[in-house]
Every structure is written in C-alpha cells, then in structure tokens.
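Produce the complete structure using the sequences and hints provided.
There are 2 protein chains.
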Amino acid sequence: MTVEIICVGTELLLGNIVNTNAAYLAGKCADMGLSCYYQSVVGDNAERLTEAIRQAVGRSNIVILSGGLGPTEDDLTKETAAAVMGRELVMNEECKQSIASYFKKRGMEATENNWKQALIPEGALILENHNGTAPGMIIQDGETHVVLLPGPPLELIPMFEESVIPYLNALGPGVILSQTAKLCGISESKAETMIRDLIDAQTNPTIATYAKTGEVHIRVTARAESEKEAKKLIKPVVKEIKTRFGYYIYSTEESVTLEKAVVDLLMANHLSVTCAESCTGGMLSARLINIPGISDAYKCGYVTYSNKAKRRILGVKKGTLQKYGAVSKQTAEEMARGAAFASKADVAVAITGIAGPDGGTEEKPVGLVYIACNVKGKVTVKEFRFSGNRAKIREASTTAALMLMRQCMLEYFSKVTFG
Amino acid sequence: MTVEIICVGTELLLGNIVNTNAAYLAGKCADMGLSCYYQSVVGDNAERLTEAIRQAVGRSNIVILSGGLGPTEDDLTKETAAAVMGRELVMNEECKQSIASYFKKRGMEATENNWKQALIPEGALILENHNGTAPGMIIQDGETHVVLLPGPPLELIPMFEESVIPYLNALGPGVILSQTAKLCGISESKAETMIRDLIDAQTNPTIATYAKTGEVHIRVTARAESEKEAKKLIKPVVKEIKTRFGYYIYSTEESVTLEKAVVDLLMANHLSVTCAESCTGGMLSARLINIPGISDAYKCGYVTYSNKAKRRILGVKKGTLQKYGAVSKQTAEEMARGAAFASKADVAVAITGIAGPDGGTEEKPVGLVYIACNVKGKVTVKEFRFSGNRAKIREASTTAALMLMRQCMLEYFSKVTFG
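As given, the protein sequences belong to chains A and B, one line each in that order. For the first sequence, my numbering begins at 1 and goes up steadily by one. For the second sequence, my numbering begins at 1 and goes up steadily by one.
One thing to keep in mind: the hints can contain errors.
Note that the list lumps identical chains together, so a pair holds whenever it fits in one copy or between two copies.
Unchecked claim - Taking lysine to any residue and the SDA-like style, the derived pairs with C-alpha atoms no more than 25 Å apart in a straight line are:
{"hint": "1", "residue 1": "190", "residue 2": "417"}
{"hint": "2", "residue 1": "392", "residue 2": "256"}
{"hint": "3", "residue 1": "212", "residue 2": "37"}
{"hint": "4", "residue 1": "239", "residue 2": "188"}
{"hint": "5", "residue 1": "317", "residue 2": "342"}
{"hint": "6", "residue 1": "318", "residue 2": "329"}
{"hint": "7", "residue 1": "344", "residue 2": "321"}
{"hint": "8", "residue 1": "28", "residue 2": "152"}
{"hint": "9", "residue 1": "239", "residue 2": "249"}
For the record, the hints were derived by calculation from the structure and aren't laboratory data.
Structure below.
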C-alpha cells in the first residue's frame, strides 16, 4: 500500500519552522511497510489544498494530512478534505463534550470558534486528542483513507501512535512490527558487510541499516498475521545480529539512546562519573544529565577550557602542557586522572581538541581531538580526527566520548575485548 | 514571482533525515519577497521526478531542486530536469577540471563515475561548488528558471548564498533586502503591540515578527531599484524599532546569536566568565564555548549536580541547602558567589532547577528554575517557571540565563534599566 504525506501550514512555506512532522510520519509509515513516494507542503489556501488532496487521493491509498485543524478562519484542512471526499460536515456531540471538558479542566471558557472543531465529516472516524482541542479524523472511501491530524507535534505524535498506527496496521494483510539494533564503534559500511548475506537472503523480515552521528542502526521489520507471529519472525534475526555484532550493539530498545545506555552501565556497576571537558565545553555532561535519575551517578563535572584551569582544577602538569600541548594524548590522560582525583568519581572522561575555526596547525589540524577514559585508575586514550565546522566537531567528540566510556566500562567489568 | 521547492531523496521519504533544506530555502525565498505555494519531496525515481518537475514548471516561475546531483546511478535529478526542459547533456571541460583539482587537493583519485558530474544541460548556467564535487546549475527558459542544487546542506547553503540569491535578485523588479532586529526578554505579543502601528502603516518595507525560544525577531523587508535604495528604505524603520525597544534588541545582524551577543558584551568590557550549572548540566557553558574566540573570557566552569558538589566546589552553605533546598533563590545566589570566588571570574552565572520528570512537589513543581548572575559582586536572582519535558525546560533555562547575563552586564556597565 502507498501513503502520501501533506503538511499544511504557511509557517512551513515561509521556512519559519522545520517540517519535523513529515520526517516523523514518513519514518513511522516506513516502519509499517507502507511505501511513501510523495510528501508535500501547501498553505492554508482552499484552492491549492483542494488540488493537492485531489492529486494525492488519485495516486496513493492513504493520504495523511497534518495541520490546519485549528479553530480559526484560516484553518480549512477539514473543510477542504470533506469537500474533496464528498462529505458534509456535521456537529458531533461527543466532540463538543470533550472540547467543553478540555476547557473546564483548565478553568477556561471555550470561545464560539472552538465549536467549529466539533464539526466532523459525515461517517468519519474520530481520533481522540488528549493533548489539545482538535480531534483527528479518518475519512474512508473504498480503498482510500484520508487521515487528518493536528499540526503541533505534541498532539500529532501521541494521536498517531495511539489511533492511527493500529488503524493502518489493521488495513494491511496482518501486522507490521520492527525492532532496531543500535550499534556504536563501527562504520555503516563495515556493519552492512557483516550482514550482507542476511540482508540479501531475507524478505520477511526485511533488514536495513541507517547511519547516525557515530552510530549505526539496523532495523528488522516483519509482517505477519498477528503481533505474536511478527515477533516470532523478528526474534531469530535479531538474535543472529546480536551474535554477529556482540557488544557493538548498545541496545535493541526503541527508547534507549547512547547516553541512556552509558548511564545504565554506570548504574548497573554502581559507578559514579565525572567529565572534564575542554573543546566540548560541557556538552558531554549536558547529554548525560538529560537522562532522568542520573543524580545517583553524576555528582560534578568540570569545564576546563584554559590551560590554567586544566592545571589548577585537574592538576595537569605544567611540563606536560609545555612539552606536548593542551591537545595531546598526555594532557588528555592527566585530565582524566585529575578529574577522578578531584571528584572521587569511579569513571572520569576527559576531552581536549581543536574545534576550530582557528587554532589549527599542520601538525595539529582543526578536528584533532583526544579523549581519555579513566575507569578506576585504568586510563584509555584515543585520538580522533573529525571534519566539519566547530559545532559538528564538538558533537562528534561528545558522541565519541560516550562510545569510549561504554567500551572502557565493558572492557573493565565484563572483560569484553573490542576489535 | 512564485517559487517552488522540490527536495529529492529517498532518505527524506523514509523519514531518516529531517528536511532542513526546505526550511532554509523557503526562508531565504520569503526574505527575497518570492511567494512559495508548494514544497514537495520525491525519491530518486525518473518517472515521479519527471511528473513533479513538469507540474512545478507549469505553475511556478522558479523551481528549486535539491539533491540527486551525486555521482552514482541513483542520482538523476540533472538528467530528469534536462529532459523536462528539452536540453541535451554535454561534457563541460571547466567542470571536469574543477572536479579533478578537487580530488588532487585531497590526495585522492577521481573515479570514472565522478566525471558524470561534469555533464551539464546545454546552455545552463553553472554554479561553482567550493565544498564538494557536484556543481549546481540553472536552466532558464523564458520566464521559467530551474535551479539545481546539491543535497548536503554544507554544499547547498554556501552555493545558494553566493550564486543563487544574486541571480534571483537580478530577476525581480529591483532588489529585496531584509534586516532583522533580534530581541530578548520580551514576549512576541508585547513586541507586536508596541509596533502594531508600524506594521499596519508599512507596505515597503514590510515588518513581521517571529517567536523563537525566549526570543522575538522583527524582520524588516524592503524592495527597491537598487541595494542602496533598499537600504535607505530599511534604515529609518530599523532606527524607529531600535528607539522603541532599546536594549531589548541584542543585535540587528544576521550572524549574531544571543550567545554571541553575550560573548561580545563580555569581550567589550574585558570580563571573564564562569558558569555553575545544576539542572542544565553544562548546556550554558557549551553554548558559550560554541563561539570561537571565547577563550579570552571563559577559563573554567562547574557542573555541580549534587548538593555535595555545590557545597564542596562552590561553598554553598549546608544550612542554606537544608533550610531552603537546592532549588531556591538562596542556593542560586550562593552558587553564583561561590563560582566567582573559586574561578576569580568577573561574571558568574548559576542555574538550579527541577527539570523533571520526577522531583517536583506542589510547592516546587517541575519547571521551577532559579538563575543567579553575579557581576563583580552584584548578584541578581530570578525565578522562572518553564513548561514542557526535561529537554525543553533545560533549553529554556539556558536561554533565560543568557538573557539574564546580558541584562545584568548592561545594568552594571551601561546603567541601563530593564522594565
């Protein structure tokens, strides 16, 4: 089945906001095995919107529209979609009630134009909105399904997950499920080579690789008669992938990010952690601290940007800075040792590098970064050469530090060896 | 004149990447006074791409395509656009030379398929690519202009700014120029009310407001016969806006971000700075350090997440933590005083708050944040109540801290008073 995504909104056409809804919807549809050949953006204009919806229903089975369901005169997605599909708008009492209770809960009064949101195309399926006043809806006509969703991501995403995914899954022959193995410390091309035979041999489940900053994700997607059947198809493939990649996989769970995996490892081993950052200037600490519950492991961290701060706070030797420079293996190691000493943390990570745009030399170019990880006195230092602008180099350094932390903890506590 | 944006790429259709190119191109076209009614995304498929380009040239004057200019078989934007516009592809010697020199510079060999990138539609204007091998191009036919750009933003953006903006500006009756006044510490609705009369009275230049996290941008756009004329139209309006908003405006320059404005103020007053962060965990330091040249002002910073770290590193009193709690006006103030003492910095900023999802109480709910700014011993503390998830609250706190830093420095050194 084919799906097409139409995002409605002048703010998208003016470039005031980035279309994250399209990426979200496209990703979810791909997960469900739906083929998406077109995405488009149109403004709140009846004529152009009519044309866009007509074209979409003419060439795709499922048309997903986002935005333009608000209470104002400008919002005309519902009116236009109903007209194209030949449906009248009728006042829906249930929707009216739920809008009234939404306002009551917040101690506010609904205004006259809010009731416009309770007008529903005849025969449409109503999708509850737990995060706003605009209900979503699905207009079905034979093989065609037009899905209308509110524009704000905080309303669109929960509605899509709660109501639209089950609806679309029920359309197809059976259920689509996917599971993703998330890897770090390996390149996409190497990862693909290592499972080329699996990718080529499989049709259900299918296997696909995706590259992210410093990470590779391998997604296994199965279609089956039931969720149980789909899980049964996925399980041995994910098991085989786990066998081939071992500890390169940091998680097979949707919600686990690399920093979450690192924090989980810290917690599992009852370790405290500290960071001593130069060029990343706090980015590593900030990523760790975005994980709720980190306070059990993270007590303090240091941004030691100047040489003096590296000496005074971390105890890096003057001679080391003079002989090898602030961006060197030796300084990184002393930073990681000094941070552990100053904080009494079990794990200390230090980052020092040249993020540019200035400060690079032929010998030490922009992008040269040293990262040291000290696990209970055992220090590992790695050299990296990143490319891109200042922001990119700093982001890549932060991700590399998370990877090194994970690797060092696994080597220390689980006696794992990385290739 | 109307413009339409077509982004080509399977990774967009699969939702693997967010379409930032569309937002960038749309924003720039809006700045130039071009009306954009459609954006679309199609994959690397000859039939669907042909259909999309045909439809676009049929309804818009300018069609901008991004992506699909690479060296592989999959990349067929150029071939398809040339076919739709009835042009042959011919080998361009200059392009061939520049591809050869691109590879030579990097000590690499061009492969056979790289020469495909030197094939240019007959009569097309070639746009140099200083950041990659794929040249851009413009095919003109009467009133229709088809612009082909490479997909990677690091190649697309410089090419658009260097070559496409001047080309498009030359098409219109005269020149479009815009200037943006960037404000902080004021709400969008208040800002709009304060210039409602200007917005209503003006047609050239036009005035529009945009809200960003904690900021408001006011964009003034003029159309005139020449750049000089356009500047002359913009100047008095920007001057009037400056008069009305005074120090709420942190910059009227395109390239200046809020953190850049803060760093500039530090530099101008020869001040050193430090940060003591709890819930933001390094985000404020990280934003400051993203400004090149910050090393003159920023020496060190502290992430003091635990109470113990607040006491040990910053000297916050045990009694203060016990009596008022870690998230309090009093603790924020002692953190800012202690950070200045420990680092000897002139300006010290401290952030302590409840980012959630847990840890909130009725009295101190999730989103409660205290920020203290210490300028040479004079400490200002502000209370904030932010909403959203953990990441949102931390981002809003970081922006609020930058605003408070700016305000406190201006009050201290320029004797400015904020309302």
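Each hint tested on the structure:
1. 190 - 417: within (18 Å within a copy, 60 Å between copies)
2. 392 - 256: both (23 Å within a copy, 19 Å between copies)
3. 212 - 37: Classified as within: same-chain Cα gap 23 Å, cross-chain 32 Å, threshold 25 Å.
4. 239 - 188: within (19 Å within a copy, 53 Å between copies)
5. 317 - 342: Answer is both; intra-copy 15 Å and inter-copy 20 Å each pass.
6. 318 - 329: within (15 Å within a copy, 39 Å between copies)
7. 344 - 321: Classified as both: same-chain Cα gap 24 Å, cross-chain 22 Å, threshold 25 Å.
8. 28 - 152: Classified as both: same-chain Cα gap 17 Å, cross-chain 24 Å, threshold 25 Å.
9. 239 - 249: within (11 Å within a copy, 57 Å between copies)
When each numbered hint is compared with the structure, no violation occurs for any of them.
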